[in-house]
Structure formats: C-alpha cells, structure tokens
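Participant: Sequence:
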Amino acid sequence: MPYTFEPKERHAKAWGWFRISTKDAKVICRVIRKKPLKRVKRLLEDLLAKRRSLEGKYYTKAVMHIKRLLESCEKNAEYKGLDKEKLIVYASAHKGPTLIRARRKREHGIRFKSTNVEIILVEKS
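Numbering of the sequence shown is given in this note's numbering, commencing with residue 10 and proceeding in unit increments.
The set of hints was computed from the structure by calculation and includes no laboratory data.
Just so you know, these numbers come straight off a predicted model, no measurement behind them.
Be careful, since some hints might not be right.
BS3-like cross-link-like pairs, simulated, lysine-lysine; straight-line CA separation at most 27 angstroms [unchecked claim]:
#1 122 to 93
#2 114 to 35
#3 122 to 17
#4 114 to 17
#5 17 to 59
#6 114 to 43
#7 59 to 89
#8 66 to 89
#9 17 to 66
#10 122 to 133
#11 89 to 122
#12 17 to 70
#13 133 to 114
#14 114 to 44
#15 95 to 122
#16 44 to 104
#17 76 to 114
#18 32 to 89
#19 76 to 50
#20 50 to 114
#21 84 to 35
#22 22 to 50
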C-alpha cells in the first residue's frame with residue numbers, strides 16, 4: 010500500500026489493516042496528526058484508561074490498535090537512529106476492504122468493516 014505522502018526529512022513508517030470503525034479511526038488520527046510523539050502517547054494512554062475523552066467517547070478498540078501501530082513505528086524510528094524528542098506524528102485512516110462471510114441460513118451473509126491506518130514519524134529539526 011502506498012503512503013499518503015513521502016516526507017523529505019528523515020522518517021519512519023508503519024501501516025496496518027484492522028477490523029475497526031473507519032469513522033472512529035479518522036477521529037483519532039485527526040486529533041493526533043502533527044503533534045509530538047510524547048504528547049500523542051500520553052493522549053492514547055489517557056483514552057485507554059478513560060481519564061480523557063474525545064467528543065464524549067473513548068474509542069477504546071480503535072485506540073488500542075492505533076497505539077500498537079504507533080509503538081511499532083516508534084521501534085522503526087529507533088532502528089533508523091531518529092531522535093525521539095524531535096518526532097512528529099502524521100497519521101491517516103482510510104476505508105479498507107469489506108469482508109463478507111458466506112451465506113449460511115442467512116439471506117445476505119455478514120459484512121465486516123475494516124480500516125487501513127498509516128502512521129509516519131517525521132524528525133523535525
């Protein structure tokens with residue numbers, strides 16, 4: 010999957026395909042976009058612990074998956090030798106493929122939602 014943009018600065022990337030709501034993932038990505046890594050990690054931990062809410066909701070399932078993806082991206086940045094203090098988060102979520110479970114005693118089967126989430130950590134000087 011190609012990323013939404015290719016930064017000129019040093020960066021680390023990670024993407025994932027999750028069975029979470031695209032709408033919820035977009036809300037979280039919009040909030041964490043263009044913020045320092047340290048601040049984003051604190052926000053996601055607060056959402057999981059239910060100390061802080063976004064628009065009156067906690068988005069627990071989406072936050073759990075996005076936090077795990079962010080940790081993976083952080084490890085990629087560490088491997089590349091990027092400075093953790095200077096990392097800025099760029100995140101986006103897009104609708105993924107719809108999975109359909111075959112019909113069995115059901116007229117139309119069951120459809121499952123999925124979301125593609127990508128995170129890019131850019132080192133700002």
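Participant: Does each hint fit the structure? Answer for all of them.
Facilitator: Against the structure, the hints:
1. 122 to 93: Status violated; Cα separation ~34 angstroms.
2. 114 to 35: violated, 35 angstroms
3. 122 to 17: This hinted pair is violated, its Cα atoms lying about 34 angstroms apart.
4. 114 to 17: violated, 54 angstroms
5. 17 to 59: At roughly 37 angstroms apart (the allowed maximum being 27 angstroms), residue 59 and residue 17 break the hint.
6. 114 to 43: The given pair, whose Cα atoms are some 48 angstroms apart, is violated under the 27 angstroms limit.
7. 59 to 89: Not OK: residue 59 and residue 89 at ~33 angstroms, beyond 27 angstroms, violated.
8. 66 to 89: Violated, because 35 angstroms separates the two Cα atoms, which is more than 27 angstroms.
9. 17 to 66: violated, 36 angstroms
10. 122 to 133: With Cα atoms ~35 angstroms apart, residue 122 and residue 133 exceed 27 angstroms; violated.
11. 89 to 122: Measuring from Cα to Cα gives roughly 34 angstroms; hence the hint is violated.
12. 17 to 70: violated, 33 angstroms
13. 133 to 114: Violated, because 56 angstroms separates the two Cα atoms, which is more than 27 angstroms.
14. 114 to 44: violated, 49 angstroms
15. 95 to 122: violated, 35 angstroms
16. 44 to 104: This hinted pair holds, its Cα atoms lying about 23 angstroms apart.
17. 76 to 114: Distance ~38 angstroms between residue 76 and residue 114 Cα, so the pair is violated.
18. 32 to 89: violated, 32 angstroms
19. 76 to 50: holds, 7 angstroms
20. 50 to 114: violated, 45 angstroms
21. 84 to 35: holds, 23 angstroms
22. 22 to 50: holds, 16 angstroms
Hint violations for this structure: numbers 1, 2, 3, 4, 5, 6, 7, 8, 9, 10, 11, 12, 13, 14, 15, 17, 18, 20, all remaining hints satisfied.
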